[in-house]
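As a plain string of letters, each chain reads:
Number of protein chains: 2
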Amino acid sequence: MTSRDGYQWTEKSGLVQGVPSIGVIHPPSNIGQKQEQYDVIVVGAGYCGLTAARDAALSGLKVLLLEGRDRIGGRSWSSNIEGYPFEMGGTWVSWGQPHVWREISRYNMRQELELSRNMSHEEEDKLMQSALEKFVNVDGNLGKTVMPFPHDEFHNPEVKQFDKLSVADRMVQIKNQLSPDEYTAVLSFVMLCSASTPEKTSFYEFLHWWALCNFSYEYLVKYKFRGGQSSFAIKFFQEAVETGRLSYAFNSPVASITQNQQRVEVRTRAGDVYHAARLISAVPLNVLNDITFSPPLAQGKKTAATTGHVNKCVKVHAECRGSELRSWTGVNYPNGQLPYALRDGTTPNGNPHVVAFGADHNRLTPDKDIEVTKQALQDLTKMELERVVFHNWADDEFAKGAWFFSPPGLVTESLDDMRARQGNIFFASSDWAVGWRSFIDGAIEEGTRAAFNVIQDLKARKGSSPIKSVL
Amino acid sequence: MTSRDGYQWTEKSGLVQGVPSIGVIHPPSNIGQKQEQYDVIVVGAGYCGLTAARDAALSGLKVLLLEGRDRIGGRSWSSNIEGYPFEMGGTWVSWGQPHVWREISRYNMRQELELSRNMSHEEEDKLMQSALEKFVNVDGNLGKTVMPFPHDEFHNPEVKQFDKLSVADRMVQIKNQLSPDEYTAVLSFVMLCSASTPEKTSFYEFLHWWALCNFSYEYLVKYKFRGGQSSFAIKFFQEAVETGRLSYAFNSPVASITQNQQRVEVRTRAGDVYHAARLISAVPLNVLNDITFSPPLAQGKKTAATTGHVNKCVKVHAECRGSELRSWTGVNYPNGQLPYALRDGTTPNGNPHVVAFGADHNRLTPDKDIEVTKQALQDLTKMELERVVFHNWADDEFAKGAWFFSPPGLVTESLDDMRARQGNIFFASSDWAVGWRSFIDGAIEEGTRAAFNVIQDLKARKGSSPIKSVL
Numbered sequence: 001m002t003s004r005d006g007y008q009w010t011e012k013s014g015l016v017q018g019v020p021s022i023g024v025i026h027p028p029s030n031i032g033q034k035q036e037q038y039d040v041i042v043v044g045a046g047y048c049g050l051t052a053a054r055d056a057a058l059s060g061l062k063v064l065l066l067e068g069r070d071r072i073g074g075r076s077w078s079s080n081i082e083g084y085p086f087e088m089g090g091t092w093v094s095w096g097q098p099h100v101w102r103e104i105s106r107y108n109m110r111q112e113l114e115l116s117r118n119m120s121h122e123e124e125d126k127l128m129q130s131a132l133e134k135f136v137n138v139d140g141n142l143g144k145t146v147m148p149f150p151h152d153e154f155h156n157p158e159v160k161q162f163d164k165l166s167v168a169d170r171m172v173q174i175k176n177q178l179s180p181d182e183y184t185a186v187l188s189f190v191m192l193c194s195a196s197t198p199e200k201t202s203f204y205e206f207l208h209w210w211a212l213c214n215f216s217y218e219y220l221v222k223y224k225f226r227g228g229q230s231s232f233a234i235k236f237f238q239e240a241v242e243t244g245r246l247s248y249a250f251n252s253p254v255a256s257i258t259q260n261q262q263r264v265e266v267r268t269r270a271g272d273v274y275h276a277a278r279l280i281s282a283v284p285l286n287v288l289n290d291i292t293f294s295p296p297l298a299q300g301k302k303t304a305a306t307t308g309h310v311n312k313c314v315k316v317h318a319e320c321r322g323s324e325l326r327s328w329t330g331v332n333y334p335n336g337q338l339p340y341a342l343r344d345g346t347t348p349n350g351n352p353h354v355v356a357f358g359a360d361h362n363r364l365t366p367d368k369d370i371e372v373t374k375q376a377l378q379d380l381t382k383m384e385l386e387r388v389v390f391h392n393w394a395d396d397e398f399a400k401g402a403w404f405f406s407p408p409g410l411v412t413e414s415l416d417d418m419r420a421r422q423g424n425i426f427f428a429s430s431d432w433a434v435g436w437r438s439f440i441d442g443a444i445e446e447g448t449r450a451a452f453n454v455i456q457d458l459k460a461r462k463g464s465s466p467i468k469s470v471l
Numbered sequence: 001m002t003s004r005d006g007y008q009w010t011e012k013s014g015l016v017q018g019v020p021s022i023g024v025i026h027p028p029s030n031i032g033q034k035q036e037q038y039d040v041i042v043v044g045a046g047y048c049g050l051t052a053a054r055d056a057a058l059s060g061l062k063v064l065l066l067e068g069r070d071r072i073g074g075r076s077w078s079s080n081i082e083g084y085p086f087e088m089g090g091t092w093v094s095w096g097q098p099h100v101w102r103e104i105s106r107y108n109m110r111q112e113l114e115l116s117r118n119m120s121h122e123e124e125d126k127l128m129q130s131a132l133e134k135f136v137n138v139d140g141n142l143g144k145t146v147m148p149f150p151h152d153e154f155h156n157p158e159v160k161q162f163d164k165l166s167v168a169d170r171m172v173q174i175k176n177q178l179s180p181d182e183y184t185a186v187l188s189f190v191m192l193c194s195a196s197t198p199e200k201t202s203f204y205e206f207l208h209w210w211a212l213c214n215f216s217y218e219y220l221v222k223y224k225f226r227g228g229q230s231s232f233a234i235k236f237f238q239e240a241v242e243t244g245r246l247s248y249a250f251n252s253p254v255a256s257i258t259q260n261q262q263r264v265e266v267r268t269r270a271g272d273v274y275h276a277a278r279l280i281s282a283v284p285l286n287v288l289n290d291i292t293f294s295p296p297l298a299q300g301k302k303t304a305a306t307t308g309h310v311n312k313c314v315k316v317h318a319e320c321r322g323s324e325l326r327s328w329t330g331v332n333y334p335n336g337q338l339p340y341a342l343r344d345g346t347t348p349n350g351n352p353h354v355v356a357f358g359a360d361h362n363r364l365t366p367d368k369d370i371e372v373t374k375q376a377l378q379d380l381t382k383m384e385l386e387r388v389v390f391h392n393w394a395d396d397e398f399a400k401g402a403w404f405f406s407p408p409g410l411v412t413e414s415l416d417d418m419r420a421r422q423g424n425i426f427f428a429s430s431d432w433a434v435g436w437r438s439f440i441d442g443a444i445e446e447g448t449r450a451a452f453n454v455i456q457d458l459k460a461r462k463g464s465s466p467i468k469s470v471l
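Chains as they are written, first to last, in our numbering: chain A, 1 to 471; chain B, 1 to 471.
Careful: at least some of the hints might be erroneous.
Any copy will do: because identical chains look the same in the list, a pair fits if it lies in one copy or spans two.
To be verified - List time: in silico DSBU-like cross-link candidates among lysine-lysine, alpha-carbon distance up to 35 Å:
#, residue 1, residue 2
1, Lys235, Lys160
2, Lys134, Lys144
3, Lys34, Lys12
4, Lys235, Lys134
Everything labelled a hint here was simulated from the structure, so no lab data went into it. From a predicted model like this one, the values you see are computed outputs, not experimental measurements.
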């Protein structure tokens with residue numbers, strides 16, 4: 001099936017909207033005309049919503065999953081084009097990520113992973129490691145003293161001061177310690193992580209990533225699925241469907257969510273109305289204000305959503321003829337429009353595949369001007385373009401940005417607000433996970449939390465187990 | 001409640017069998033006289049069995065949990081004595097352990113952890129790191145080349161050759177590279193890990209641990225629960241009970257397991273008989289042959305169980321008067337009977353708490369001769385003993401050893417055999433986990449696998465979801 005999401009360009013076809021994905025669900029709904037009262041409605045079918053819907057359905061709840069797109073996966077999905085999986089969003093996983101690994105292990109997919117880079121780049125890795133160590137070394141201990149416990153990030157409250165600093169502020173502090181190559185390496189790499197600008201990016205959030213990666217650049221190189229991200233996401237969806245308790249409707253963007261003490265009502269943009277005892281909003285931070293909540297979102301939540309996260313990534317894949325790019329990483333900040341790029345795999349045609357990351361600085365809009373993007377790729381290194389595939393996350397109406405990366409102040413001021421329940425609505429998103437926030441792992445962490453809390457809540461309401469079942 | 005397991009000695013009481021634990025379940029059974037047909041019987045209420053029983057019950061299956069002991073937790077449990085939790089078995093957890101961390105996160109317990117050592121021991125840690133690096137450095141890359149992917153341990157099949165080596169063999173290879181202090185450090189530490197002798201311990205298995213710990217001694221220092229292990233295990237049990245679908249009987253050692261194509265029959269030593277469609281054996285490797293299986297265990301499984309793992313740990317806690325032991329680690333191999341000991345916490349009386357680990361070399365039997373054990377503690381360092389608390393795992397009838405550690409050859413030859421299903425019986429244990437084998441994480445990994453497979457299997461049998469439920 002072909003999703004509306006993503007674009008592809010070849011010499012022959014020109015720019016075409018939509019790419020094929022096994023994550024597209026057809027038919028898009030299994031609801032029919034019947035009116036039902038659900039136990040829980042889950043809004044959003046990314047990993048967070050999929051996990052919440054699956055866990056709730058497995059536990060015996062009657063679940064409705066609503067999704068604006070035509071596919072599962074949210075900000076992580078893959079397009080399979082001529083036998084090759086292009087990762088359109090979140091990609092990397094590892095056994096150091098507890099929630100995602102539990103699922104990979106449970107679905108017996110641990111042997112379906114491959115390294116996301118073919119080769120190590122020893123000198124480059126050494127340069128990057130030494131540069132990043134200077135960047136994070138605020139405590140003479142590579143950050144281990146200020147953030148000893150990344151899954152309880154404020155364990156040492158001293159760390160909060162670093163959320164007052166932007167990456168630009170931090171660069172000023174250390175610029176005399178860095179060689180010109182190190183300076184470029186740090187900035188390009190951090191802009192790869194935040195896909196924003198140094199001024200808008202919180203230094204604290206990078207410290208958190210660093211601690212999660214065991215305080216080493218080495219663990220930022222991760223594994224990816226041989227069959228693409230959608231081959232993983234579909235497992236969650238299928239398992240939920242197989243319970244017989246999952247109703248779903250894709251192509252169903254939600255317009256409004258209204259609650260009273262008894263139930264929650266959801267109205268889609270098309271005017272369909274659904275009811276449930278509880279609702280899990282797995283809607284990303286940057287589009288939370290696009291839904292009308294009644295009563296309105298709590299002030300803290302609304303403020304956080306208005307601030308938003310800063311990641312404006314445009315992810316661009318290039319399939320190039322010829323094989324000069326055997327092993328290669330390109331950094332190109334601040335002059336280029338794609339600050340970071342790397343040689344990834346090899347397509348079935350034997351062509352090198354390069355993946356490049358655009359950021360908020362000099363932002364590309366390839367859907368509007370593909371020629372500028374093709375030139376930006378050429379600015380990285382000379383390549384003969386066979387195919388360009390991309391997802392412009394910055395302008396995606398259901399995300400308005402890619403993975404979460406915070407501006408200064410947002411996490412220390414608003415994390416609790418973003419995580420808070422409001423009446424019968426539970427808010428879940430990787431954007432406010434406490435562990436691997438921004439990552440697929442954080443999405444699963446949050447989906448797990450939401451389903452667990454809804455089940456406990458309904459159990460308390462009934463005074464006993466909500467779930468009675470027989471074979 | 002007081003468990004029959006464990007022993008305590010004080011000057012006043014002398015040696016007393018049994019220590020208090022919140023893991024003791026009372027009343028020990030909720031079955032009553034009714035005869036029921038269960039979907040699945042789970043034998044063993046350690047973390048593996050608890051996870052399997054919980055997941056199966058959550059998914060709507062009717063579950064019977066049978067356990068020989070009077071408590072949950074198996075080889076991981078804690079005794080709370082005068083307000084202080086003594087860890088009687090498995091203790092350490094970390095966010096680098098995916099299955100355990102998913103549960104800690106899900107039960108919202110991430111802020112209930114504390115470091116298992118109060119202080120770092122810089123010089124000692126440096127000595128240990130350098131000595132262990134020489135020990136594992138078979139590939140000039142600290143083991144990263146031969147075991148790049150510890151959760152798919154045979155990814156590089158070259159690694160299998162190291163399962164032909166014992167630790168003693170490896171020590172011969174490197175003895176000229178080690179200082180006398182390094183030599184003692186390595187052997188004491190590896191005997192802490194295997195609780196056996198260098199001759200009986202596989203070098204390969206230590207390589208696997210090392211890789212799981214990100215190739216660093218640093219990550220072997222882990223976190224533990226402030227409230228003790230049993231405060232974690234009880235969450236699994238309570239959640240399973242709350243489904244209303246868990247029947248259980250403690251003090252019910254299983255004598256025989258008989259299966260035909262339709263069902264499985266379990267007979268306890270007391271003569272009680274139970275039936276189910278499927279059975280999950282969460283029985284440890286070293287006692288698997290103590291149950292009579294009909295038809296008998298497959299040859300590969302039987303052989304592995306006859307070989308057994310080599311860990312014969314006797315875990316000994318000492319509460320000592322006075323505070324000289326502010327920060328201390330003792331290594332004492334091969335002369336002492338407790339090759340490794342460390343200062344852990346401080347009891348509510350303000351006394352230092354030392355935890356010591358006995359191994360198969362010069363094995364202690366403190367339940368038979370407490371005076372010898374008290375002397376072995378004194379041999380580590382002069383201490384005034386206020387209290388001794390211990391669990392002799394080597395002689396424990398339901399474990400016959402502590403956490404899994406393999407002799408040469410066992411893992412490479414028998415891992416698949418140990419993991420294999422046999423008819424309607426699924427075998428699950430940390431002893432044959434593929435990730436953190438031997439750890440609580442591996443137990444949860446295996447319990448998750450077993451429940452998932454049983455549910456899939458029953459679903460396939462029925463041709464649809466096994467679970468129909470309503471609020």
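Against the structure, the hints:
no.: 1; hint: Lys235 - Lys160; result: between (38 Å within a copy, 32 Å between copies)
no.: 2; hint: Lys134 - Lys144; result: both (13 Å within a copy, 25 Å between copies)
no.: 3; hint: Lys34 - Lys12; result: neither (46 Å within a copy, 73 Å between copies)
no.: 4; hint: Lys235 - Lys134; result: neither (41 Å within a copy, 43 Å between copies)
Hint check: violations occur at hints 3, 4; the rest are consistent with the structure.
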